[in-house]
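Listed below, chain by chain, are the residues.
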Amino acid sequence: MAALMLRWSCLGKRWVLACIDGGSRHGRGAAIGLTSRRKRGQSSVAQQPLIAVQKSRKGEHEWAAVVGLEIHAQISSNSKLFSGSQVHFAAPPNSLVSFFDASLPGTLPVLNRRCVEAAVMTGLALNCRINKKSLFDRKHYFYADLPAGYQITQQRLPIAVNGSLAYSVSVGKKPSQVSTRTVRIKQIQLEQDSGKSLHDEPRSQTLIDLNRAGVGLLEVVLEPDMSCGEEAASAVRELQLILQALGTSQANMAEGQLRVDANISVHHPGEPLGVRTEVKNLNSARFLAKAIDFEIKRQIHELENGRKILNETRSFDDKLGCTMPMRDKEGKQDYRFMPEPNLPPLLLYDTASLPPGADPQQVINIDWIRERLPELPGKTREKLIQQYGMLPEHSFTLLNEVGLLEFFQNVIKETRAEPKKVTSWVLNIFLGFLKQQNLAVNESPVTPSALAELLNLLDRKAISSSAARQVFEELWQSKGKTPSQIVSEKKLELMQDQEALERVCHTVMEGHPQVVMDMKRGNPRAINKLIGLVRKATLSRADPTVIKEILERKLSS
Amino acid sequence: MSSLLSAPSALREDALRRLKREMWARAVKLGLRSWVGWRRGFTSKADPQRSGRVTAEVIEHLERLALVDFGSLEAVARLEKAIAFADRLRAVDTDGVEPMESVLEDRCLYLRSDNVVEGNCAEELLQNAHRVVEEYFVAPPGMCSPKWLNRLSLSELRI
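Protein chains in written order, with the working numbering: chain A, 67 to 623; chain B, 107 to 265.
None of these hints come from the bench; they were simulated from the model. From the three backbone atoms N, C-alpha and C, an ideal C-beta is built for every residue, glycine too. Careful, some of the hints might be misleading.
[To be verified] Every beta carbon over 10 angstroms from chain A, so not counted as near; a handful from chain B, in silico:
1) Asp120
2) Leu179
3) Ala181
4) Val182
5) Glu186
6) Ala192
7) Arg194
8) Glu211
9) Arg213
10) Arg218
11) Asn221
12) Gly225
13) Ala228
14) Leu232
[Unchecked claim] Distance ranges between label pairs, derived from CB positions:
15) A:Asn329 to B:Gly177: 33 to 43 angstroms
16) B:Glu241 to A:Lys240: 53 to 63 angstroms
17) A:His334 to B:Lys187: 44 to 54 angstroms
18) B:Glu229 to A:Ser245: 29 to 39 angstroms
19) B:Asp120 to A:Leu339: 50 to 60 angstroms
Produce the complete structure using the sequences and hints provided.
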């Protein structure tokens, strides 16, 4: 496993953190005066001028950061993990709560089959070993949104272990410079979600809504194989895509269906690992990388100034752009794990070990699930590259944008144009317009059919490419019109009449004898000038390649 | 002692707590000698670190975790007796025997199909609550504040 180095490079007054693979060295690292204050309200990260530190005279002060992640994904199911109440995002408070979820005495947990299947599917997609026997435990802690005082989880023997997740990071300025990395998956376990607590500050009271209490969660633990915020964000993104492709979780960070906690430490390469801190409540993809990079910087700064890192829990304040300690704990939290006495071990089977005559509803066959796994994002990208000859980075963009792949495939279905042309139009022009106006694919005013028709016109050479762009802009503004309508309205069709075109060329050539002379002398730019003149004369309705061909023919005759 | 009574409540609490700890530590030490003798009679594999004494630190730790109040020396003594009672299990030779996880371990775990069959009983559930605000449970005061999370012992909380 290559330990990636963090290099400090200073561009003017701004610090740039670059994750580079071994190799290139930038300027010397110098200490910075980052003043991150612990109390709220005070100044955020202040930039101070460079201070050269004595240590840097000895040589490059290299730091390696180590980042591990704990990801909680809400399982996409109708009912909760251990009870039959509904799983739904927005509902009146405490309306989706059963007696078990409210932890009333006399209630018992009953395991939801769909949640087990979701865990097995996810484990298989992440190359894990599925444990045929897994156990449930109780994790005790007191908090108002945990009515039972404990959470049922799988600490001793989780359902899946030892997997891997492959993801891509960019390693240079060019989009084509991407490298594939792998992060090991320590385990995947089933556990319960807690309720929601709403803090009513003015009346200093806390309101509890148990709608979310008991919803099934998949906890995916990633080993500390990552070394910066970008890698962590890419890994999380890839996991999101996989979960969405499998249908096991909608993995929408904004709706709280995917939550990430990061464990971060820094050390000098070759020395033992440093003390780690846990950064919790990373609920947005954007802030994930920011928070991790900030924490790495902060730890390096503390250590370089002779201080120690406390093993603590911090949270990220996105407005200030820094991490704050969450609570001062004396020592580690003791969860007093014990086996869940109300649940026998969870036994899974494969085709070989399936007990004969067993009720199919009561047994889960791992092989059966493996055969029916949906196509994973990695496979989809491979197919796109092979089928349409697109570059790897294009396949990534197509999958990363919600709904873009479907849009692309719909256009391909209805058009005769070459796939490369479609790719270029969808990724450059279409996506460009979306980003400019900050729209999602499903909010686009241009439908796949409209774009397909436009590309057909282009393919038939009925219009030039510049005219096509004009038509696209028009399509974007005015709804309801088809490309053909716009073309005829704005008279953007290419001249099809060969004779008329020849006459125009002839006229232009006669009108500019000097340029013709230049052309004869072999000046390459002269012909472009003539082409330009002809195009102007035809009001840009002629195809430049055809013009060129005619001019060259006339010249040689 | 009289000076304690006239001091402000926060200081009083602090002092009381310190007194408690000292008393426990002393009493526990006294009890230790008789303890050790009794225990030695039972186990041959006595762990030198487990001397039967439950330190004041452990009591505070347990109070914090389990929200119980070991208000008296009797309670601590009872705890130590309970631990000693359970320790008698060590007399059994379990070499080469697989530990049992639960009495249900060879039962079948029932798998429920993913249908919505419960819920929609907010009114019933909220009937049990001490305080309710617009269909939300109200958490006991101080429960979600930094003070709760930093709690040192049950006496600090005013529930």
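Hints, one by one, checked against the model:
| no. | hint | result |
| --- | --- | --- |
| 1 | Asp120 | 17 angstroms, holds |
| 2 | Leu179 | 24 angstroms, holds |
| 3 | Ala181 | 19 angstroms, holds |
| 4 | Val182 | 19 angstroms, holds |
| 5 | Glu186 | 19 angstroms, holds |
| 6 | Ala192 | 14 angstroms, holds |
| 7 | Arg194 | 20 angstroms, holds |
| 8 | Glu211 | 6 angstroms, violated |
| 9 | Arg213 | 4 angstroms, violated |
| 10 | Arg218 | 5 angstroms, violated |
| 11 | Asn221 | 6 angstroms, violated |
| 12 | Gly225 | 4 angstroms, violated |
| 13 | Ala228 | 4 angstroms, violated |
| 14 | Leu232 | 7 angstroms, violated |
| 15 | A:Asn329 to B:Gly177: 33 to 43 angstroms | 39 angstroms, holds |
| 16 | B:Glu241 to A:Lys240: 53 to 63 angstroms | 55 angstroms, holds |
| 17 | A:His334 to B:Lys187: 44 to 54 angstroms | 52 angstroms, holds |
| 18 | B:Glu229 to A:Ser245: 29 to 39 angstroms | 58 angstroms, violated |
| 19 | B:Asp120 to A:Leu339: 50 to 60 angstroms | 39 angstroms, violated |
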